[in-house]
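Asks: With the sequences and hints as input, model every part of the structure.
Mapping of the sequence shown onto this note's numbering: residues 328 to 826, in sequence order.
Just so you know, these hints were derived from the structure itself, not from any lab.
Backbone N, C-alpha and C fix where the C-beta goes; we use that ideal spot for every residue, glycine too.
There may be inaccurate statements among the hints.
To be verified - Simulated DEER-style distance windows between Cβ atoms: (1) Arg-573 / Glu-425: 31 to 41 Å; (2) Phe-795 / Leu-705: 24 to 34 Å; (3) Pro-822 / Lys-478: 15 to 25 Å; (4) Glu-614 / Asp-683: 23 to 33 Å; (5) Glu-762 / Glu-708: 16 to 26 Å; (6) Asp-778 / Gln-369: 26 to 36 Å; (7) Glu-429 / Asp-353: 40 to 50 Å; (8) Ala-485 / Ala-428: 53 to 63 Å; (9) Asp-420 / Ala-485: 44 to 54 Å.
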Amino acid sequence: MTEPLTKLESGMPIVYGGNHVVRVDDALAREFRKGDRLIVVQDSGALLHIPAREWLTAATAVDAAVGAFPAMGSVDPGQLVSFYESFATYLTDQESFEPVAEANADDVRRAQERGDTTTRLFLDDRMRQDMVAGLRLWARSQGVRHEVIEKIQHEGWALEHVRSGLGVVGFVFEGRPNVFADACGVLSGGNTVVFRIGSSALGTARAMIDHAIGPALKDAGLPEGAVSLVDSPSRATGWALFSDHRLGLAVARGSGAAVTQLGAVARQTGIPVSLHGTGGAWIVAAESAEPDAFGSAVFHSLDRKVCNTLNTACVVVSRAHELVPVFLDALDRAGERRGATSKLHVTPSARPFIPDSWFGPARIVRARGAGAEARTQLIDEDRLGVEWEWEESPEVTLTVVPDVTAAVALFNAQSPRLAASLISDDPDEHDRFFEVIDAPFVGNGFTRWVDGQYALERPELGLSNWQFGRLFGRGGILSGDSIYTIRTRAYQADPDLGR
Numbered sequence: 328m329t330e331p332l333t334k335l336e337s338g339m340p341i342v343y344g345g346n347h348v349v350r351v352d353d354a355l356a357r358e359f360r361k362g363d364r365l366i367v368v369q370d371s372g373a374l375l376h377i378p379a380r381e382w383l384t385a386a387t388a389v390d391a392a393v394g395a396f397p398a399m400g401s402v403d404p405g406q407l408v409s410f411y412e413s414f415a416t417y418l419t420d421q422e423s424f425e426p427v428a429e430a431n432a433d434d435v436r437r438a439q440e441r442g443d444t445t446t447r448l449f450l451d452d453r454m455r456q457d458m459v460a461g462l463r464l465w466a467r468s469q470g471v472r473h474e475v476i477e478k479i480q481h482e483g484w485a486l487e488h489v490r491s492g493l494g495v496v497g498f499v500f501e502g503r504p505n506v507f508a509d510a511c512g513v514l515s516g517g518n519t520v521v522f523r524i525g526s527s528a529l530g531t532a533r534a535m536i537d538h539a540i541g542p543a544l545k546d547a548g549l550p551e552g553a554v555s556l557v558d559s560p561s562r563a564t565g566w567a568l569f570s571d572h573r574l575g576l577a578v579a580r581g582s583g584a585a586v587t588q589l590g591a592v593a594r595q596t597g598i599p600v601s602l603h604g605t606g607g608a609w610i611v612a613a614e615s616a617e618p619d620a621f622g623s624a625v626f627h628s629l630d631r632k633v634c635n636t637l638n639t640a641c642v643v644v645s646r647a648h649e650l651v652p653v654f655l656d657a658l659d660r661a662g663e664r665r666g667a668t669s670k671l672h673v674t675p676s677a678r679p680f681i682p683d684s685w686f687g688p689a690r691i692v693r694a695r696g697a698g699a700e701a702r703t704q705l706i707d708e709d710r711l712g713v714e715w716e717w718e719e720s721p722e723v724t725l726t727v728v729p730d731v732t733a734a735v736a737l738f739n740a741q742s743p744r745l746a747a748s749l750i751s752d753d754p755d756e757h758d759r760f761f762e763v764i765d766a767p768f769v770g771n772g773f774t775r776w777v778d779g780q781y782a783l784e785r786p787e788l789g790l791s792n793w794q795f796g797r798l799f800g801r802g803g804i805l806s807g808d809s810i811y812t813i814r815t816r817a818y819q820a821d822p823d824l825g826r
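Replies: Pasting the structure below:
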């Protein structure tokens, strides 16, 4: 017989992964109370403590979304259009947007006081306009609910394959206010969504629900629980949300380690997972690379730090004397554009091509503020996959390789396998590159094109890398209209039909 867990003792052994043991430490034993939950991450042995109140907070939000889901299958398409248009209007109207802006300003101020990055937290005019544009794209879309994708005719009867809502989408993300507009796209497919946002942006989230999303749902006559917020700053509510078997899909965006852990929790619960964590794009300059094209690709891939920003550049050794200066000039210009000095990491193979002046001290602007540090640092070749998180000073890695084949091998072995670009004038080389590079996004220029709204004209929920293997049956850009299930419907014309 099984019994509920009511306490933990220091030193208690916990089995994970089938053949490993981790022991409860003193702090966990003291803090655990009757009614709390303990999740053992089978991949790592991490012991995740979920207090009862945090479990209840997450479960209550899922309750609302589960309750709203049946109604979403029968809402009129016009109601969905009305929701997106109303949401957009509340964001454009200055009076209704003001409480959201004030809450966001408070979140940004607190993050700055902690020394945290605010690049993605600040809801500036550009982000606001992008959110409005994305919502209006959803308003113009046809949606996928009830779409017949195949019909099979038999004698006396027929079958149809019909797209339908998948269910409740659980969404955990860090301080990115624009994700609200992106992820509300799941409603167009008849789904409902539960958000859990990082503590740094919780004030913005509450204001967005109260002054934009909630009123828009009411205006459109959609069930209130169609969009639900896990209203807690505790990270434990994210673990609780991704442990709720009622989710149809778990989506996580944020820092690599946190996203990896959340994905492990959802997978061992049996919930399908879409992770959008570790990023960092690569650019490879081939033997036939045109200098201006290479410099332009580097420059335009470093406008700001997001997952598809250039992180690692590879230059073939035969062109290094010519192309490395082009790379350094583009990196310089990218820093100047942001009013900062860029930061460079180089491997031993690239060191001979870097002027000594680049190794002196420089003023590098980070989230915690500006400070003097070496502008260029030497790193080992096995660290090419490190993703640099930068604020104002663009930060990248440069290595020099024997050829494109060697660059591909390094990418496939060390990168998170997200985005790769080849600068080459040889069409056959581009075809070979596409065939062997293990990435969902492959191009021949700047890397920042990897974006659902920019490339597909559909707001994205996130970009999936291939760090945990290739994706089954879908592309790396997860959008609201790509979350559905397929149902089969039969039409019998012959009443005497039998087998």
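Asks: Starting from the hint 53 to 63 Å, judge whether the C-beta atoms of Ala-485 and Ala-428 obey it.
Replies: About 54 Å separates the Cβ atoms of Ala-485 and Ala-428, which means 53 to 63 Å holds.
Asks: In this structure, is the beta-carbon distance linking Asp-778 and Gln-369 contained in 26 to 36 Å?
Replies: Roughly 34 Å apart at Cβ, these two residues keep to the hinted range, so it holds.
Asks: With 24 to 34 Å as the target window, see if Phe-795 and Leu-705 comply at their CB atoms.
Replies: holds (31 Å)
Asks: Hint says 16 to 26 Å; check whether the CB-CB distance for Glu-762 and Glu-708 agrees.
Replies: holds (24 Å)
Asks: Confirm or reject the claim that Pro-822 and Lys-478 have a C-beta distance inside 15 to 25 Å.
Replies: For Lys-478 against Pro-822, whose Cβ atoms are near 21 Å apart, the range 15 to 25 Å holds.
Asks: Cβ-Cβ distance between Glu-614 and Asp-683: within 23 to 33 Å?
Replies: holds (28 Å)
Asks: With respect to the beta-carbon atoms only, verify the hint that Glu-429 and Asp-353 lie 40 to 50 Å apart.
Replies: Cβ of Glu-429 to Cβ of Asp-353: about 42 Å, so the range 40 to 50 Å holds.
Asks: Hint says 44 to 54 Å; check whether the CB-CB distance for Asp-420 and Ala-485 agrees.
Replies: This hint holds: roughly 49 Å between Cβ atoms.
Asks: Between Arg-573 and Glu-425, does the C-beta distance stay in 31 to 41 Å?
Replies: holds (36 Å)
The earlier numbered hints are all upheld by this structure, with none contradicted.
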